[in-house]
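A.B. asks: Spelled out, the chains give:
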Amino acid sequence: MLSIKDLHVSVAGKPIVNGIDLEVKAGEVHAIMGPNGSGKSTLAHVLAGRSGYEVTRGTVTYMGKDLLALSPDERAHEGVFLAFQYPVEIPGVNNIYMLKAGLNAIRRHHGEEELDAVDFLSLVREKMKIVNMDESLMNRSVNEGFSGGEKKRNEIFQMAVLEPRLAVLDETDSGLDIDALKSVAGGVNKLRNKDRAIILVTHYQRLLDYIVPDKVHVLAHGRIQRTGDKSLALELEKHGYGWIGSKAGAA
Amino acid sequence: MASIKYDINTAVDQRYKHGFVTDIEADSIEPGLNEDIVRLISRKKNEPPFMLEWRLKAFRHWKTMQDPAWAHVRVEPINYQDIIYYSAPKSRDNGPKSLDEVDPKLLETYEKLGIPLHERAALAGVAVDAVFDSVSVATTFKDKLAEAGVIFCPFSDAVRDHPELIQQYLGSVVPYTDNFYAALNSAVFSDGSFVFIPKGVRCPMELSTYFRINARNTGQFERTLIIAEDNSHVSYLEGCTAPMRDENQLHAAVVELVALDNAKIKYSTVQNWYPGDENGRGGIYNFVTKRGDCRGVNSKISWTQVETGSAITWKYPSCVLRGDNSVGEFYSVALTNNYQQADTGTKMIHIGKNTRSTIISKGISAGHGQNSYRGLVKVLKGADGARNYTQCDSLLIGDKCGAHTFPYMEVTNPTAIVEHEASTSKISEDQLFYCLQRGISREDAVSLIVNGFCKAVFKELPMEFAVEAGRLMSVSLEGAVG
Numbered sequence: 020m021l022s023i024k025d026l027h028v029s030v031a032g033k034p035i036v037n038g039i040d041l042e043v044k045a046g047e048v049h050a051i052m053g054p055n056g057s058g059k060s061t062l063a064h065v066l067a068g069r070s071g072y073e074v075t076r077g078t079v080t081y082m083g084k085d086l087l088a089l090s091p092d093e094r095a096h097e098g099v100f101l102a103f104q105y106p107v108e109i110p111g112v113n114n115i116y117m118l119k120a121g122l123n124a125i126r127r128h129h130g131e132e133e134l135d136a137v138d139f140l141s142l143v144r145e146k147m148k149i150v151n152m153d154e155s156l157m158n159r160s161v162n163e164g165f166s167g168g169e170k171k172r173n174e175i176f177q178m179a180v181l182e183p184r185l186a187v188l189d190e191t192d193s194g195l196d197i198d199a200l201k202s203v204a205g206g207v208n209k210l211r212n213k214d215r216a217i218i219l220v221t222h223y224q225r226l227l228d229y230i231v232p233d234k235v236h237v238l239a240h241g242r243i244q245r246t247g248d249k250s251l252a253l254e255l256e257k258h259g260y261g262w263i264g265s266k267a268g269a270a
Numbered sequence: 005m006a007s008i009k010y011d012i013n014t015a016v017d018q019r020y021k022h023g024f025v026t027d028i029e030a031d032s033i034e035p036g037l038n039e040d041i042v043r044l045i046s047r048k049k050n051e052p053p054f055m056l057e058w059r060l061k062a063f064r065h066w067k068t069m070q071d072p073a074w075a076h077v078r079v080e081p082i083n084y085q086d087i088i089y090y091s092a093p094k095s096r097d098n099g100p101k102s103l104d105e106v107d108p109k110l111l112e113t114y115e116k117l118g119i120p121l122h123e124r125a126a127l128a129g130v131a132v133d134a135v136f137d138s139v140s141v142a143t144t145f146k147d148k149l150a151e152a153g154v155i156f157c158p159f160s161d162a163v164r165d166h167p168e169l170i171q172q173y174l175g176s177v178v179p180y181t182d183n184f185y186a187a188l189n190s191a192v193f194s195d196g197s198f199v200f201i202p203k204g205v206r207c208p209m210e211l212s213t214y215f216r217i218n219a220r221n222t223g224q225f226e227r228t229l230i231i232a233e234d235n236s237h238v239s240y241l242e243g244c245t246a247p248m249r250d251e252n253q254l255h256a257a258v259v260e261l262v263a264l265d266n267a268k269i270k271y272s273t274v275q276n277w278y279p280g281d282e283n284g285r286g287g288i289y290n291f292v293t294k295r296g297d298c299r300g301v302n303s304k305i306s307w308t309q310v311e312t313g314s315a316i317t318w319k320y321p322s323c324v325l326r327g328d329n330s331v332g333e334f335y336s337v338a339l340t341n342n343y344q345q346a347d348t349g350t351k352m353i354h355i356g357k358n359t360r361s362t363i364i365s366k367g368i369s370a371g372h373g374q375n376s377y378r379g380l381v382k383v384l385k386g387a388d389g390a391r392n393y394t395q396c397d398s399l400l401i402g403d404k405c406g407a408h409t410f411p412y413m414e415v416t417n418p419t420a421i422v423e424h425e426a427s428t429s430k431i432s433e434d435q436l437f438y439c440l441q442r443g444i445s446r447e448d449a450v451s452l453i454v455n456g457f458c459k460a461v462f463k464e465l466p467m468e469f470a471v472e473a474g475r476l477m478s479v480s481l482e483g484a485v486g
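Line by line, the protein sequences are chains G and Y. Numbering (this note's numbering) for the first sequence: 20 to 270. Numbering (this note's numbering) for the second sequence: 5 to 486.
Hint data in this document are derived by calculation from the structure and do not stem from the laboratory. Be aware that a few hints might be false.
[Stated by the list, open to error] Chain Y side only, calculated, beta carbon under 10 Å to chain G, not exhaustive: (1) I87; (2) E151; (3) S432; (4) Q435; (5) F437; (6) Q441; (7) D448; (8) L452; (9) N455; (10) G456; (11) C458; (12) K459.
[Stated by the list, open to error] Within a straight-line C-alpha distance of at most 27 Å, the following computed BS3-like cross-link-like pairs (lysine-lysine) qualify: (13) K119/G with K357/Y; (14) K385/Y with K357/Y; (15) K119/G with K463/Y; (16) K268/Y with K459/Y; (17) K430/Y with K459/Y; (18) K119/G with K459/Y; (19) K268/Y with K148/Y.
[Claimed, not checked] Here are the computed distance ranges between Cβ atoms for each label pair: (20) D196/G with I421/Y: 35 to 43 Å; (21) P208/Y with E133/G: 52 to 60 Å; (22) A136/G with G406/Y: 34 to 42 Å; (23) G56/G with S429/Y: 24 to 32 Å; (24) S429/Y with N208/G: 18 to 26 Å; (25) S429/Y with N151/G: 55 to 63 Å; (26) D196/G with R78/Y: 52 to 60 Å; (27) E254/G with G406/Y: 35 to 43 Å; (28) E145/G with S429/Y: 34 to 42 Å; (29) I421/Y with S155/G: 27 to 35 Å; (30) E145/G with R78/Y: 55 to 63 Å.
As the structure is a computational prediction, the values presented were derived from the model and not from experiment. We treat Cβ as the ideally placed atom computed from N, Cα and C, and that holds for glycine.
Just need the whole structure built from these sequences, with the hints factored in.
C.D. replies: In structure tokens:
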């Protein structure tokens, strides 16, 4: 589904990602771990098409298409979803109104009929259950006055409604207490299926206790230093990122 | 390499959809302004002598005045002798007695503007007075309103049919000496709407006036007078459009509201005069004086305006809070795109005790637009316990536009509490990217965010028009983001 080859990315002229290769198949869950500044959030943003990130070399192919040639909204139409590390507040804009605008734009793109208010509302009610989201958040302004946990739940709720093919979750675990983490992770697990790929970008191993990945990649200095299964994350937990760094230095 | 480029909307600017001209035979007088013209207008309208006298006094006063230069706008000098001061569709004669007599071309025009005048097709619960250039061409639901004792008619009819009310109230809120444009209007005003809500009546429907400028080189000078007697209630809405033309046209209106004891007047405006093209050519000069007098105790006047049109807007809907415990409100959204300029705001004059006022102003600037909020909160000596809350927010889109705030406060009563909050923000890349990532196009995202910014004002509009206002914001912003 997703094929990243020799990806190099600079931000404001400074190289951040220095040659990433990654293959993700439908149905897989990949975890990308790494210390601060390793380039993992940059990778997430490049996949979503955020401006300010310059791809200086390499290719990203998604469902047979050149992903980098698409604008961010086109990527969303094609099924790419980014759960933000810091979900953005939009004062005065109703939370589910924005979501409806997004969903209907995606449906239009696929030649499907737009959902009317009634159908949309019943869809929303159903999907809110997936992350145990409080109904009162439905009609508040987008992320405004939401707690950290509520914001992250809202991201996964949006994912549930938009039903992406490729979901990139950028540090969805950060700032969550254990209960919120469990319920957000539970939501993500319910959204796993054979047609959907998920990339979890995370600093900590603990998220992977709840969402068990098929593959774990460890990123440092803008490159994938090691790839393994769940046990790699546990090893990392034991030794810390310094362990990878020294190995990378040695290699 | 692959960097992300957004498509700038370079499509032909089709955003102003009301820019058509109705081809209709008009009775227009020669351009120019002198006492004879004033007499001619009065004669054409069969006015009683008191009205002509008043016009002439206003005209003589106007001649002693200068165009105001204090607003933060750049105006090309206006030659008042080049303007046509009266133009009416010929077919009207002495005014249609019923809708069946209205020229079909006019009905078609309003149909096209989304204002069907046939009562069976009309917006449910809204009575409309349609003003075309200098005259009112149709008023709907007159009879139904009359049953409730409400008078809703063209201003000219009111001058003839209810001269005692006109004499009592005309100029009592905005005297002809008030300012340059008010004086001009008082001399040459041609039509407008008159509303009278008698004691204890809650007006059974929304009232609205739809102003349309059609004829070339014509100025529109209408007057609206709304009187709400004790314990009455009325909600009134006005809308405005004009054809697309390369030259500027002047619209100088006066609106006077009078609220007696416990009366409530809600006045909403959706102003969408032709704003000029993307290079700032053409468009309406909208120089308007609007003022409400809370004359009675516990009375309330609430202004809501959505100003998206006009090349230049100069207007300050105000409240004189004379009655004890009276309440004044001003909710405003003003949007300037391309080369539009707006200098708008309000005056809240606290005279009575425990008077309260609220000002919520949202200014949006895009393109080369210049947007100024100008407001005065004045608390007089006797206004014990007066309270004002002002919130003034500006939103900038792009880096060639400007937002300015000119708040004035004159407080001479120590018990008064006056609060002012102001903010200026830009639509952030973060907000845009967030919307884009959810599949929303860049233009839709901007309009979503702007509508959110305006929400506090839109919720004050009558339901039917809140939707319209939101849509209007989107089209007015088209091409504003690249």
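A.B. asks: Take the hints in turn and mark each one as holding or not.
C.D. replies: Right, here's what the structure says about each hint:
no., hint, result
1, I87, "violated (41 Å)"
2, E151, "violated (37 Å)"
3, S432, "holds (8 Å)"
4, Q435, "holds (5 Å)"
5, F437, "holds (6 Å)"
6, Q441, "holds (5 Å)"
7, D448, "holds (6 Å)"
8, L452, "holds (6 Å)"
9, N455, "holds (7 Å)"
10, G456, "holds (3 Å)"
11, C458, "holds (7 Å)"
12, K459, "holds (4 Å)"
13, K119/G with K357/Y, "violated (48 Å)"
14, K385/Y with K357/Y, "holds (10 Å)"
15, K119/G with K463/Y, "holds (20 Å)"
16, K268/Y with K459/Y, "holds (23 Å)"
17, K430/Y with K459/Y, "holds (17 Å)"
18, K119/G with K459/Y, "holds (18 Å)"
19, K268/Y with K148/Y, "holds (21 Å)"
20, D196/G with I421/Y: 35 to 43 Å, "holds (42 Å)"
21, P208/Y with E133/G: 52 to 60 Å, "violated (37 Å)"
22, A136/G with G406/Y: 34 to 42 Å, "holds (39 Å)"
23, G56/G with S429/Y: 24 to 32 Å, "holds (30 Å)"
24, S429/Y with N208/G: 18 to 26 Å, "violated (39 Å)"
25, S429/Y with N151/G: 55 to 63 Å, "violated (34 Å)"
26, D196/G with R78/Y: 52 to 60 Å, "holds (57 Å)"
27, E254/G with G406/Y: 35 to 43 Å, "violated (58 Å)"
28, E145/G with S429/Y: 34 to 42 Å, "holds (36 Å)"
29, I421/Y with S155/G: 27 to 35 Å, "holds (33 Å)"
30, E145/G with R78/Y: 55 to 63 Å, "holds (56 Å)"
Hint violations for this structure: numbers 1, 2, 13, 21, 24, 25, 27, all remaining hints satisfied.
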